[in-house]
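Protein chains in written order, with our numbering: chain G, 1 to 341; chain W, 1001 to 1341; chain C, 2001 to 2341.
Simulated from the structure, these hints should not be mistaken for laboratory data. Errors might be hidden in some of the hints.
Simulated crosslink set (SDA-like; lysine to any residue; CA at most 25 Å straight-line) [claimed, not checked]:
(1) C:K2081 <-> C:G2110
(2) G:K81 <-> G:V44
(3) C:K2280 <-> C:S2260
(4) G:K327 <-> G:A337
(5) W:K1246 <-> G:I197
(6) C:K2329 <-> W:G1259
(7) G:K32 <-> C:D2166
(8) W:K1313 <-> C:E2331
(9) C:K2032 <-> C:G2110
(10) G:K329 <-> C:E2084
(11) G:K123 <-> G:A87
(12) W:K1032 <-> G:K329
(13) G:K246 <-> C:A2316
(14) G:K302 <-> C:K2280
(15) G:K323 <-> G:Q295
(16) W:K1246 <-> W:P1294
(17) C:K2032 <-> W:G1259
(18) W:K1302 <-> C:K2280
Covered by chain W, according to a simulated footprint, are these stretches of chain C (three or more residues, beta-carbon under 8 Å) [as the list claims (entries may be wrong)]:
(19) 2012 to 2023
(20) 2250 to 2259
For clarity, every value in this text was computed on a predicted model and none was experimentally measured. We treat Cβ as the ideally placed atom computed from N, Cα and C, and that holds for glycine.
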Amino acid sequence: MKASELAAFLGGTLEGENTEIYACAGLEEARKGDLSFCKDPKHVKLVETTGASAVLLPPDWTHGAPCAIIRVEDPNRACMKAAELFAPPEPVRAPGVHPTAILGPGVTLGENVHVGAYTIIEKGTAIGDGAVIEAQVFIGENCRVGARTHIYPQVTLREGTVVGADCIFHCGVRLGGDGYGFNNGRREDGSVYIEKIPQLGIVEIGDGVEIGSNTTIDRARIGRTYIGPMTKIDNLVQIGHNVKVKGYSGLIAQSGVAGSTEIGYGCLIWAQAGISGHIKIADGVQVGPQAGVPQTLDGSLKYVIGAPAMSMKDMAAITLAPKMIAKLKAEIKDIKAKMKV
Amino acid sequence: MKASELAAFLGGTLEGENTEIYACAGLEEARKGDLSFCKDPKHVKLVETTGASAVLLPPDWTHGAPCAIIRVEDPNRACMKAAELFAPPEPVRAPGVHPTAILGPGVTLGENVHVGAYTIIEKGTAIGDGAVIEAQVFIGENCRVGARTHIYPQVTLREGTVVGADCIFHCGVRLGGDGYGFNNGRREDGSVYIEKIPQLGIVEIGDGVEIGSNTTIDRARIGRTYIGPMTKIDNLVQIGHNVKVKGYSGLIAQSGVAGSTEIGYGCLIWAQAGISGHIKIADGVQVGPQAGVPQTLDGSLKYVIGAPAMSMKDMAAITLAPKMIAKLKAEIKDIKAKMKV
Amino acid sequence: MKASELAAFLGGTLEGENTEIYACAGLEEARKGDLSFCKDPKHVKLVETTGASAVLLPPDWTHGAPCAIIRVEDPNRACMKAAELFAPPEPVRAPGVHPTAILGPGVTLGENVHVGAYTIIEKGTAIGDGAVIEAQVFIGENCRVGARTHIYPQVTLREGTVVGADCIFHCGVRLGGDGYGFNNGRREDGSVYIEKIPQLGIVEIGDGVEIGSNTTIDRARIGRTYIGPMTKIDNLVQIGHNVKVKGYSGLIAQSGVAGSTEIGYGCLIWAQAGISGHIKIADGVQVGPQAGVPQTLDGSLKYVIGAPAMSMKDMAAITLAPKMIAKLKAEIKDIKAKMKV
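Chain G with its partners taken away, still in its complex shape:
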């Protein structure tokens, strides 16, 4: 799209070359063909060195730019509007079942459901109105998927999984695996045994839950592994059997929650954090990146970090220990010197 057309679309004015624009990007990553934006003169250096072909700037910008300028009232907002223009069009998943999809006996589909190619839905499963089940998905027996839920390609739901409305599951999500459950020990004759514990429960997902690529959530030993409404889970997260996430919480990439733990409302579990089994995280608590939580957090700390997880202050004290030690060492040296006098 020509910069002039873009300027007209955004209600701005073009200065400089009427260059061709293909995409939006931040000032630093932008390259030829990109539109970027800046609102604040404090980023003038980034504007001066940007590789963009055009930049959205406010009317009162006096620092120039090394490329075409489109002046608009609100550069951030204008760039978002332009980004929507350049975004790959969202694929249309029209209602209908692809002829290669395989639906078992007793499968019920609501109105306007999309089922993609090579998808398998096994017997007794019910899919709600307006749900989109993309290609190459596997949904086992007797599952329920709520209205308008969108399941991207190559997701697997094992038998009995229950999913609410308005959920989004990204590629490679695995719901309802057996998880890790074994009895082991030694028999009287000294030989070792390892026996699988049957995992008889299910996974239940509330409304409005989003689950990132390749995240795994295990079925319960008995009862349900439960992810409450509006919980947002990032990529490559592991949730063990019988975990209960009450709802409105976030779990960032590569974090893990061990079996039977309960996570309260409005918690935020940062990336790569690990939470032990059979404990509770109180409502609203944040667990910092890479933190390891060995026991219940009752909410008296709102943010924990480190392993074992502690307050920021306690963590800082450990990190500062070498400095404190050096100081004490100097004082002791000083005392000794004085004593000899």
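Take the given structure of chain G and dock chains W and C to it, following the hints.
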């Protein structure tokens, strides 16, 4: 199922409303329609606040319950029995090859093998008696899969993978990927090169191994990456090329083992732990959650924690350093005060 | 293959039994039927205890071996040559589109492209000459895949993904997922809201990039998440939206990079390391295993370790704190004793 029917099935007696029961759950997560259980009066508070519709209690329970009661001799055992009743029925994977499965030339199937829809088994591969290869699986050329091994949907086995009998692979398991192997450096002219090292070996899995969802195990550079018998691997675990796990060990979720490392018999690698390459973990050693093991553990420590991995005692000393420092600081202040006198 | 044939093939001489050889392996993991190798007499103990059926040794080896010996000039090199012989033959992916592959309207394939069974390529996507798209792959609308790029089974590329030439994507790679992006807070009436932020950008992968099994790379919020040329990414790695990896870098297994971070040329991010969002890692910096990087690394440190990431020296000081404290304690005790005198 009516509570009265359930009571009869479990050999117990019903007190209170003959309510409808749909599932089992622990006292805390239970809700309307759930059966829960309690054996020990010390959990009386959890019984009093449970949301269950009925609860299994011992004959001598005198504390009542806010819902129907079914009295049985052993509430835990009875609840497991009930859980089996309510568990989603295990899907039947009858012997036979789905018409959409694609089998290459020279593929041999044992007796009573199940091959699911849209599964691909490439030439020269042999599947043992009673194996279940579910839908949408990919098994490359010249693999061997042992008797009764169960492979869930969307697993991939690259060419040459050898799998024992009685294994279970959950959805999204990846066996035989190339792993990370590159030669890099600078040429005489100063330019950088990065060359792929051919990964010529295979993955070999012993009997009775279970592998969790989305776990990845790389093929060997030469020879085999080997997972010994009865090893149990959780979800999202990474095993590098030429790793050797002798057997009867457990690797919990999101742990990782770098290339050419050997893990002894009966080890337990806890969640999110990382083990460096080219080292050995002696038989029976446990590596704690999030621990980082940079060098061989010869078994003189039975449990390590922290990064670099150390004993519990050494780890505690680091965590307690700030307290110790504060104590020394006070003592020095005291000495100084006395010296001035 | 007979040991004598192998000796002839490798230009060596056989001593001892003309045994049958099936595979190559290191001295320690080798078992009956394996060929192993040793060059250096310092490993004589490993030779003495190897389970191999034959071992490649240099002409001047005088320590014998518990199995057949094949003497060659360069045992390491000879073993690599033999390993190629025993390696599972690389599957032939001949040009052509499998009849079960589904290609949308406007898909263009270069010359000699392979498209495997049950693979889906959606409308408007272009695949370059000589590319291999294996079975059960999903490539969304309007993607571009460069020449000779090899995509293994069960990879998913969401719409708009751009991939360079000569890339390798292993099984289960997920490109272009939405990532984690939400606006949340409280409305004036006190109720909580969590709104999805549209992810309007794409993923762009440079030439020669290799991506390991089950690794996930999120699409940009606007613009592109960019992985520069020759970057090598291991298994189970997470790359957030709008991350920029300039090129010629390595990211080892289970590491993660949060949104909008830039990684310079020639960096090495070791296993399980985590890098925060909106920061920069300077060219050539290495981030150690399990390190957590909260802020920009400007290159003044070439290697960091720990969380928060620091120099090796600073890390050592923390680990040594308990020892230093014990020493100071002894000195204080000594001072007190003297003062009393």
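Taking the hints in turn, this is what the structure says about them:
1. Note on K2081 of chain C and G2110 of chain C: the hinted pairing is violated, with a Cα-Cα distance of about 34 Å set against a maximum of 25 Å.
2. With a C-alpha separation of about 23 Å, the suggested pair K81 of chain G and V44 of chain G falls inside the 25 Å cut-off, and the hint holds.
3. A threshold of 25 Å between alpha carbons decides the hint, and for K2280 of chain C with S2260 of chain C the separation of about 9 Å falls inside it, so the pair holds.
4. With a CA separation close to 15 Å, the supplied pair K327 of chain G and A337 of chain G stays within the 25 Å bound.
5. Proximity of K1246 of chain W to I197 of chain G is assessed by CA-CA distance (about 23 Å); at most 25 Å being required, the pair is judged to hold.
6. Distance check on the hinted pair: K2329 of chain C and G1259 of chain W sit about 43 Å apart at the alpha-carbon level, beyond 25 Å; violated.
7. Of the supplied pair hints, the one linking K32 of chain G and D2166 of chain C holds, its CA atoms being roughly 24 Å apart against a limit of 25 Å.
8. A hinted pair counts as satisfied when its Cα atoms are at most 25 Å apart, and K1313 of chain W with E2331 of chain C qualifies at roughly 23 Å.
9. The suggested pairing of K2032 of chain C with G2110 of chain C is violated, with an alpha-carbon distance near 47 Å, which exceeds 25 Å.
10. A threshold of 25 Å between alpha carbons decides the hint, and for K329 of chain G with E2084 of chain C the separation of about 61 Å lies outside it, so the pair is violated.
11. A C-alpha spacing of about 38 Å is found between K123 of chain G and A87 of chain G, which places the hinted pair above 25 Å, so the restraint is violated.
12. Restraint check for K1032 of chain W and K329 of chain G: not satisfied, since their Cα atoms lie roughly 64 Å apart, outside the 25 Å limit.
13. With a C-alpha separation of about 41 Å, the suggested pairing of K246 of chain G with A2316 of chain C is violated against the 25 Å cut-off.
14. With a C-alpha separation of about 29 Å, the suggested pair K302 of chain G and K2280 of chain C falls outside the 25 Å cut-off, and the hint is violated.
15. Annotation: proposed proximity of K323 of chain G to Q295 of chain G is violated, straight-line Cα distance about 30 Å (limit 25 Å).
16. For the given pair, K1246 of chain W sits about 20 Å from P1294 of chain W by alpha-carbon distance, which is consistent with the 25 Å threshold.
17. For the given pair, K2032 of chain C sits about 23 Å from G1259 of chain W by alpha-carbon distance, which is consistent with the 25 Å threshold.
18. Only pairs whose Cα atoms come within 25 Å are accepted, and K1302 of chain W paired with K2280 of chain C is rejected, the gap being roughly 40 Å.
19. With 1 residues carrying a beta carbon less than 8 Å from a beta carbon of chain W, the segment 2012 to 2023 of chain C misses the three-residue requirement, and the given coverage is violated.
20. Judged by the Cβ-Cβ criterion of 8 Å, the segment 2250 to 2259 of chain C is covered by chain W as claimed, because 4 of its residues qualify and three suffice.
When each numbered hint is compared with the structure, violations occur for hints 1, 6, 9, 10, 11, 12, 13, 14, 15, 18 and 19.
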